[in-house]
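> Quick mapping for you: the protein sequence lines, in order, are chains C and A. Just so you know, the first sequence maps onto residues 1 to 117 in our numbering. Just so you know, the second sequence maps onto residues 1 to 112 in our numbering.
No lab work stands behind these hints: they were computed from the structure. Glycine included, C-beta positions come from ideal geometry on N, C-alpha and C. There may be inaccurate statements among the hints.
Claimed, not checked - Short, incomplete list of chain A residues facing chain C, as computed with Cβ under 10 Å:
(1) Y35
(2) F88
(3) R98
Claimed, not checked - With a Cα cut of at most 25 Å, we get these calculated SDA-like pairs of lysine to any residue:
(4) C:K11 x A:T27
(5) C:K11 x A:S39
(6) A:K69 x C:Q83
(7) A:K26 x A:S104
(8) A:K56 x C:T107
(9) C:K17 x C:Q83
(10) A:K56 x C:R103
(11) A:K26 x C:K11
(12) A:K26 x C:R103
(13) A:K70 x C:P61
(14) A:K26 x C:Q83
(15) A:K26 x C:K17
(16) C:K11 x A:K69
(17) C:K57 x A:K56
Read off the chains here:
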Amino acid sequence: GAGVSQSPSNKVTEKGKDVELRCDPISGHTALYWYRQSLGQGLEFLIYFQGNSAPDKSGLPSDRFSAERTGGSVSTLTIQRTQQEDSAVYLCASSQGTGGAGRYGYTFGSGTRLTVV
Amino acid sequence: SQQGEEDPQALSIQEGENATMNCSYKTSINNLQWYRQNSGRGLVHLILIRSNEREKHSGRLRVTLDTSKKSSSLLITASRAADTASYFCATGTSGSARQLTFGSGTQLTVLP
């Protein structure tokens with residue numbers, strides 16, 4: 001597609017429920033990144049994919065968080081048993097490649113605003 | 001952990017004035033990028049400067065990089081009300097990490 005698409009744009013869920021966030025990157029972009037941003041804060045790195053593999057999962061805050069990417073395209077970020085501290089904007093970005101981290105600028109989606117009540 | 005730290009945290013100027021934001025980082029970098037964010041949603045890539053470059057221009061934007069001081073600055077000339085946004089620097093390293101590390105941002109307000 002023309003840009004990075006994320007869905008849903010907003011999600012309100014009850015504490016303890018599971019949520020699934022979706023990211024559809026720019027066609028042909030091999031690298032895909034997930035970040036989250038709490039209100040008024042910077043971006044916290046979660047995970048990145050090169051193709052379908054995730055060489056770096058170090059940013060996932062707990063084992064309740066998982067992510068996958070299939071067909072080198074769409075990625076889903078799943079949060080199980082959500083907690084109130086999971087409330088944030090979850091941002092997805094894609095780039096042409098890593099080629100030495102950040103050689104290419106990122107294209108971000110508009111994010112999913114997750115609210116856990 | 002935060003690699004880039006922006007300064008100031010908030011900046012308010014009059015339309016037509018220049019705005020300067022600074023970014024400091026801690027480790028060696030491959031490149032440094034600046035992004036803009038409106039309304040807490042997606043970020044827009046503005047400019048990328050490589051570690052062997054000292055200055056780069058794009059329209060009303062001017063970015064400098066001083067690797068000896070581990071710092072960068074973003075200058076927006078002749079600011080407009082539409083430039084009101086948060087601005088983030090992000091660093092890329094040549095190590096095993098393949099993701100950009102973002103700072104905490106500068107909130108710029110341009111008053112009409």
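> Next step is simple, just say for each hint if it's right about the structure.
Evaluated hints:
For A:Y35, the interface hint holds, the least distance from its beta-carbon to any beta-carbon of chain C being 8 Å, beneath 10 Å. For A:F88, the interface hint holds, the least distance from its beta-carbon to any beta-carbon of chain C being 7 Å, beneath 10 Å. The closest approach between the C-beta of A:R98 and any C-beta of chain C is roughly 4 Å, which is under the 10 Å cut-off, so the hint is satisfied. At roughly 37 Å between alpha-carbon atoms, C:K11 and A:T27 are farther apart than 25 Å, so this suggested pair is violated.
At roughly 17 Å between alpha-carbon atoms, C:K11 and A:S39 fall within 25 Å of each other, so this suggested pair holds. As the CA atoms of A:K69 and C:Q83 are separated by approximately 41 Å, the hinted pair breaks the 25 Å bound. In summary, the hint linking A:K26 to A:S104 is supported, as the alpha carbons are separated by about 14 Å, within the 25 Å threshold. Of the supplied pair hints, the one linking A:K56 and C:T107 holds, its CA atoms being roughly 20 Å apart against a limit of 25 Å.
Simply put, C:K17 and C:Q83 have alpha-carbon atoms about 9 Å apart, close enough for the 25 Å limit, and the pair holds. For the hint linking A:K56 to C:R103, the alpha-carbon distance of about 15 Å falls within 25 Å, and the restraint holds. For the hint pairing A:K26 with C:K11, the CA-to-CA distance comes to about 36 Å; that exceeds 25 Å, so the pair is violated. For the hint pairing A:K26 with C:R103, the CA-to-CA distance comes to about 19 Å; that is within 25 Å, so the pair holds.
Distance restraint check for A:K70 and C:P61: the Cα-Cα separation of roughly 29 Å exceeds the 25 Å cut-off, and the hinted pair is therefore not satisfied. A distance of roughly 33 Å separates the Cα atoms of A:K26 and C:Q83; the hinted pair therefore is violated under the 25 Å criterion. With a C-alpha separation of about 39 Å, the suggested pairing of A:K26 with C:K17 is violated against the 25 Å cut-off. A threshold of 25 Å between alpha carbons decides the hint, and for C:K11 with A:K69 the separation of about 43 Å lies outside it, so the pair is violated.
Our distance criterion of 25 Å between C-alpha atoms is broken by C:K57 and A:K56, whose separation comes to about 33 Å.
Of the hints listed earlier, those the structure fails to meet are numbers 4, 6, 11, 13, 14, 15, 16 and 17, in rising order.
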